[in-house]
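So you can see what is in the structure, the chains are spelled out below.
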Amino acid sequence: MHRSNFKGSVIQIPDETALPRGWAVRSLWARNLLTFLMVFGPGLIVMEADNDAGAVSTYVQAGAQYGTHLLWILLVLLPMTYFVQEMVVRLGIATGQGHAAMIYQRFGSWWGRFSLFDLLLINFLTLVTEFAAIALALDKLGVNPRAGVPLSAVALMFLVGTGSYRRWERTVVALCLLDIGWIAIAVFIRTPAGEIIRNSIVPSVPEGGVTASLVFLVIAIVGTTIAPWQLFFQQSCVADKRLRFSDLNWARLDTLIGAIFTIVVAGCMMVVGSASKIHGIAFLDPAQMAVALRPFAGVGVQGAILLLMLNAAVLGTTAISLSSAWAYGEVRGWPHSLELPLHDAPGFYSVYFVCVAVAAAIVLIPRAPLQLIILSVQVLAGVMLPSAIIFLQLLLNDRVLLGDEFTNQNWNNWINWTIIIVFFVLSLILAVQVVAPKLLGQGG
Amino acid sequence: MTFLNAATNTNAYVVVHPLDDLVEEKRDPSCLGPMPMTLTVRLSLFTLRAYLILMTVLVAYHVVDLAGLLNVHKG
Numbered sequence: 191m192h193r194s195n196f197k198g199s200v201i202q203i204p205d206e207t208a209l210p211r212g213w214a215v216r217s218l219w220a221r222n223l224l225t226f227l228m229v230f231g232p233g234l235i236v237m238e239a240d241n242d243a244g245a246v247s248t249y250v251q252a253g254a255q256y257g258t259h260l261l262w263i264l265l266v267l268l269p270m271t272y273f274v275q276e277m278v279v280r281l282g283i284a285t286g287q288g289h290a291a292m293i294y295q296r297f298g299s300w301w302g303r304f305s306l307f308d309l310l311l312i313n314f315l316t317l318v319t320e321f322a323a324i325a326l327a328l329d330k331l332g333v334n335p336r337a338g339v340p341l342s343a344v345a346l347m348f349l350v351g352t353g354s355y356r357r358w359e360r361t362v363v364a365l366c367l368l369d370i371g372w373i374a375i376a377v378f379i380r381t382p383a384g385e386i387i388r389n390s391i392v393p394s395v396p397e398g399g400v401t402a403s404l405v406f407l408v409i410a411i412v413g414t415t416i417a418p419w420q421l422f423f424q425q426s427c428v429a430d431k432r433l434r435f436s437d438l439n440w441a442r443l444d445t446l447i448g449a450i451f452t453i454v455v456a457g458c459m460m461v462v463g464s465a466s467k468i469h470g471i472a473f474l475d476p477a478q479m480a481v482a483l484r485p486f487a488g489v490g491v492q493g494a495i496l497l498l499m500l501n502a503a504v505l506g507t508t509a510i511s512l513s514s515a516w517a518y519g520e521v522r523g524w525p526h527s528l529e530l531p532l533h534d535a536p537g538f539y540s541v542y543f544v545c546v547a548v549a550a551a552i553v554l555i556p557r558a559p560l561q562l563i564i565l566s567v568q569v570l571a572g573v574m575l576p577s578a579i580i581f582l583q584l585l586l587n588d589r590v591l592l593g594d595e596f597t598n599q600n601w602n603n604w605i606n607w608t609i610i611i612v613f614f615v616l617s618l619i620l621a622v623q624v625v626a627p628k629l630l631g632q633g634g
Numbered sequence: 186m187t188f189l190n191a192a193t194n195t196n197a198y199v200v201v202h203p204l205d206d207l208v209e210e211k212r213d214p215s216c217l218g219p220m221p222m223t224l225t226v227r228l229s230l231f232t233l234r235a236y237l238i239l240m241t242v243l244v245a246y247h248v249v250d251l252a253g254l255l256n257v258h259k260g
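Same order as they appear, the protein sequences are chains A and B.
The opening position of the first sequence corresponds to residue 191 in my numbering, with each subsequent residue numbered one higher.
The opening position of the second sequence corresponds to residue 186 in my numbering, with each subsequent residue numbered one higher.
Rather than coming from a laboratory, the hints here were simulated on the basis of the structure.
From a predicted model like this one, the values you see are computed outputs, not experimental measurements.
Glycine included, C-beta positions come from ideal geometry on N, C-alpha and C.
Among these hints, one or two may not hold up.
[Claimed, not checked] Have a look at the derived ranges for each label pair, beta carbon to beta carbon:
no., chain 1, residue 1, chain 2, residue 2, range
1, B, Thr225, A, Phe378, 49 to 55 Å
2, A, Arg357, B, Leu254, 31 to 37 Å
3, B, Ala245, A, Gly399, 32 to 38 Å
4, A, Arg357, B, Thr225, 23 to 29 Å
5, A, Asp329, B, Thr232, 44 to 50 Å
6, A, Pro340, B, Thr225, 23 to 29 Å
7, B, Leu254, A, Leu474, 41 to 47 Å
8, A, Phe307, B, Tyr246, 44 to 50 Å
9, B, Ser215, A, Pro393, 23 to 29 Å
10, B, Thr225, A, Phe273, 17 to 23 Å
11, B, Pro221, A, Leu532, 37 to 43 Å
12, A, Gly298, B, Leu254, 35 to 41 Å
Next up, chain A with everything else stripped away, as it sits in the complex (with noise of 0.2 Å):
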């Protein structure tokens, strides 16, 4: 019946009925390990794709004051961040639609407008710091940003605009795989061990105590790691790539490997900042701080900084301009998929397109507000995040949309609300101390 082409140990069979085809393997070990691999690349996308530009910037910058005193926020973040994102990949396994679709017809055009507006001006206002950082590492590399940046915007529009989700989500775990090199480099620069290793298990507070600029310093850190654009990009990804019910569990250990990959990583940048400290370096951006370390370090040191900052900034670039294309066209209505080629879904391939070569523009353009941009990503985000994520808790209690199989337990709902609870506590700190510093004494 079947006419079979070999190739080594792989039988190809052509498609002779409309019935899926698939991979076949002789032992469970094997069926399980193969299907954990085909699930495997939103969750460690949507976190690693986290530790962009801005995070690289804050993870440095508190290594560089604190030394390696605040890597245990990291560790303490990390059940945060799976736990908000593992409700994500419920809701998106149970519906097979996006958040932002989900926010319209559960609560309405007014909350559904007010998201989707939100998450676009921040998303693309983010999109300006990821390519200024772009711009910045490009800079030191010896290539100019005139010509850098429009070129690794025609790459990032290239890279979603092949019409295969397949090929795109390899391509880009590919790019996280890369952020092994922070690692690396931790290793290199050769922190004691133990100094880590206790800092990050035992809670301790730096020298000079309890400053205002700790406590600010420790809410970025916080609004780093856990950002609104996750929540929408996890959910549209996962509903893209038609995860099905039975892949729940597979979806939950991608979140997880995800979550720990990324904070592994985000406490390398702090060890990687915290070099600086040791040698008395003190720098506005990553990309300086990898231009001073080169008499400690080496030039291979600095290289590698500048690329993987560079690399930070093209994962979020992507990730980030997805979320919102997904999300406008889930409530447009418009065809909204990876898999479909450029000319059968024209508006949510334009949107990418636009954000990414508006955000690009913005930055090539002498004495851009790149201050007052950042600043603004700050305050959305207070506002975002908190309502963001008070959608997502509500939603995963719909009893009547998810049944009991996929709504929240007890136990979900008692670390979801503590989460929420201090998530609008820090939001709210955070958007004081940008809008309003003289509330808080910080103002002069």
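Use these hints to put chain B onto chain A, whose structure you have.
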């Protein structure tokens, strides 16, 4: 490892990529309408509205402050 049709009669396990599999029927919210306003939902949305109003007031304060209308800027 062999690439097979899922219906092929074999003793092996057949693993299908989600994108190659038959489309599952998901839980569809489109026929349900808006979420019922239980006490938790009502309370959550009220808290959210209050939070957003507070944030708007803060931004307005900042704008007024930057414009120098509060007369508290030094230098």
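Worksheet item: Quick check: which numbered hints come out false for this structure?
Response: As far as the earlier hints go, 2, 4, 6, 7, 8 and 9 are violated by this structure, in ascending order.
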